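Protein chains in written order, with this note's numbering: chain A, 2 to 391; chain B, 2 to 391.
Hints were generated in silico from the structure; no laboratory data involved. Fair warning: this is a prediction, and the values are worked out from it, not measured in the lab. Don't take each hint at face value.
It does not matter which identical chain is meant; a pair holds if it fits inside one copy or across any two.
As the list claims (entries may be wrong) - Straight-line distance between alpha carbons at most 30 Å, and here's what the computed BS3-like set of lysine-lysine pairs gives:
#1 Lys130 with Lys252
#2 Lys130 with Lys176
#3 Lys310 with Lys289
#4 Lys268 with Lys340
#5 Lys340 with Lys251
#6 Lys289 with Lys66
#7 Lys170 with Lys268
#8 Lys340 with Lys176
#9 Lys66 with Lys230
#10 Lys230 with Lys252
#11 Lys170 with Lys130
#12 Lys251 with Lys376
#13 Lys376 with Lys252
Number of protein chains: 2
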Amino acid sequence: METLQSAGSLMTRKVFNGFLVSFIIICVALCTTASGEDNSIKLGIYLPMSGSSSVYGQAVYQGIKVAHTIRPTVLNRPVELILADTMSKKMEAANAVEMLIKTDNVRAIIGEATTNGTIAGAAIADWSKIPMVSPTTTNPHITHNRTYIFRVCFNDTFQGEAAADYAYKTLGARKAAVIIDIAQDYSVGLANVFERAFMSRGGRVVSHTYFQTSDQDFTMQLQAVMAAKPDVLYMPNYFREVAKACRQAKKLGINVPIISADGVQTKELLELGGDDVEGLIFTGHFDKSLAVTPLARQYLNHFAAATGKDAGPYEVLGADAYFVLIDAIERAKSVRSTKIRSALALTNGFKGVSGVITIGSDGNAVKNLVFMQVKEGTFQHLTTVNPIDR
Amino acid sequence: METLQSAGSLMTRKVFNGFLVSFIIICVALCTTASGEDNSIKLGIYLPMSGSSSVYGQAVYQGIKVAHTIRPTVLNRPVELILADTMSKKMEAANAVEMLIKTDNVRAIIGEATTNGTIAGAAIADWSKIPMVSPTTTNPHITHNRTYIFRVCFNDTFQGEAAADYAYKTLGARKAAVIIDIAQDYSVGLANVFERAFMSRGGRVVSHTYFQTSDQDFTMQLQAVMAAKPDVLYMPNYFREVAKACRQAKKLGINVPIISADGVQTKELLELGGDDVEGLIFTGHFDKSLAVTPLARQYLNHFAAATGKDAGPYEVLGADAYFVLIDAIERAKSVRSTKIRSALALTNGFKGVSGVITIGSDGNAVKNLVFMQVKEGTFQHLTTVNPIDR
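The following block holds chain A by itself, in its conformation from the complex:
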């Protein structure tokens, strides 16, 4: 076990502020492994199970657990999942990855669900040469200059360009308004990609306004939108702010199409937004009408039976992170981290739950994106965009 040769070498590698490695636990782990009683393959999971991003973390974890019941073994050995809560905090995300690697001796890691958590955790996993697969982090930077970091979702460059394309070509919009959450790099980055892509197609950005996460009143931004008379309004923000802004837009009588992004595909958007988010269009990861692979059908049935509800995009991406990782270990015929890493980078046409997934050596997934719309209180599929066709 490369990262746990002895208690002595563990101490030389890294000791953490705020936690003490328990030698007793390590000793027990070594003994059971040595005696062959436990031949499980340990996979770490680090997610925001509590705190501000817990909506995403809880959903991803439930998705992984159901995937594990479908595929509980690999290389004829049981897979053991070890969960660490990042509490939606950067430092806790770093701690979680460190613990999973050093104390739990995991072979690979799934997580995190958000940009901040993934940036912190990826630094540690990458240096430790432990493969990591993020289910849902779309920020382009997380895989940049990293060897061991992968994702099973598309990134924001693809997402922002697809939104601009849809606005310009499908909606026929020539004038766009954009409302940005200046406190979120996610929103600032997506808006920038959208605006450049929209203008490069010949469109004009006629209004460009800002707010800050947890703002309640969008009246002034929306009045600026009204005065600019756009053909489309782009709001690449999280679900709480989108729900509020849609409500206030409806009150003001704004009736241009509104496009948002993957962060809104949660049942909380529908609960918060009600009638006011009817008609909202967004770029998303998944629609169950597209779940045509055998694994997708099997998974969705299992999920419904196990939980009594339908799987959403975050559950499904959690499952795909797990399935892609298990597939890589199977192909690697090994639990050595370098071999798992190489196999992940050769993932080609994997028939996952959210679609067919190919991963490049840069760690990024090449896969379809779906345009969805809120209709009668549910998410309806509009169209699918293939990155190869564009």
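Following the hints, complete the assembly by docking chain B onto the known chain A.
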């Protein structure tokens, strides 16, 4: 005036949460301009004058003010500086840039001094097509996919690689330890560049530990460093944490060379660190022994006469942001934003205070970096690295 054609069009462009445009002020501005009484060229400055990053903001602003006394006119018109405080907050940085453009009608902007402030402000300046020059922000992402954003300092890719090169070649180090502030993308990014560059030269990273901004105790990280027996310790962190870590390292008897980065070249490092930072090496922007251009000599004399002290790197980079911008306006022979932007992108061999500055169309400065060392309570120049030579 492109951005202020009428009160009506101003309202259509963008109205801000939290401030109301004063039509009286606008009217006065329009009237005085129309009557020709005020032919000044207005430049906006947005900096963290208060809050956690005020050390940097105050220094940069003082540097700009002295530069303005040396070169108070351009195109035979007086230059008027308008300052906005970002309070070291992202949203306030966005507000500041918005105000400078919409209310003050500035022709170009200097700022911000930190990554967070610059990312927020750059989004607005870029969309508004108002050229912006950051004096000190080294994060690679701020100019990425932006047309109107420039900087007069090097970026962290160059800085991290130079540190690895120095460690490997000049110090002859083969084993490096790294201590990272996981809460700062600046530190995580620099550490990643350093480690990859050090390993690509044949070195090994033998210890890689973390802390979080404002942590007080580095004992466990430093014990891990000691146990790993490195030849060099890299700490790309801000001055407060570096001063504390150096103090504790000395107490523990660690005597390997320590390398840090541009964030430590402040008098506060020397005050906080005292004898314990003696010997600290770092990559920096400026040393006065290298101030050989006529402008540099003139500026440093002026600065000393005006303030009674020597200019440091943050003052000097503030001055260079101003001088480079004035030079571009002069060459543009115009205050039109598109022409200033084009002239900035053609900055070639400008003999500034911090060195000779060339700016590419990607907005980044190509310029020298200096290795400095703390000796007898002062910063001493060790060597200079030219990006072309490497």
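Same-copy or cross-copy closeness of Lys310 to Lys289 [CA-CA at most 30 Å]: Intra 13 Å, inter 68 Å, cutoff 30 Å: intra-copy only.
Intra- versus inter-subunit Cα pairing at 30 Å for Lys340 with Lys176: between (50 Å within a copy, 25 Å between copies)
Intra- versus inter-subunit Cα pairing at 30 Å for Lys230 with Lys252: within (16 Å within a copy, 66 Å between copies)
Same-copy or cross-copy closeness of Lys66 to Lys230 [CA-CA at most 30 Å]: neither (48 Å within a copy, 42 Å between copies)
Copy assignment of Lys170 with Lys130, given that the CA separation must stay at most 30 Å: between (44 Å within a copy, 26 Å between copies)
Same-copy or cross-copy closeness of Lys170 to Lys268 [CA-CA at most 30 Å]: Answer is within: at 29 Å inside a copy they meet the 30 Å cutoff, but 57 Å across does not.
Alpha-carbon proximity context of Lys340 and Lys251, limit 30 Å: neither (54 Å within a copy, 41 Å between copies)
Alpha-carbon proximity context of Lys130 and Lys176, limit 30 Å: Only across copies: Lys130 and Lys176 sit 17 Å apart there, 47 Å inside one copy, limit 30 Å.
Homo-oligomer pair classification [Lys66, Lys289; C-alpha up to 30 Å]: Intra 19 Å, inter 61 Å, cutoff 30 Å: intra-copy only.
Within, between, both or neither, where Lys376 and Lys252 count as close if Cα-Cα is 30 Å or less: Intra 19 Å, inter 66 Å, cutoff 30 Å: intra-copy only.
Up to 30 Å CA-CA - Lys252 versus Lys130, copy category: neither (53 Å within a copy, 32 Å between copies)
Copy assignment of Lys268 with Lys340, given that the CA separation must stay at most 30 Å: neither (39 Å within a copy, 49 Å between copies)
Going through the hint list in order, the structure does not satisfy hints 1, 4, 5, 9.
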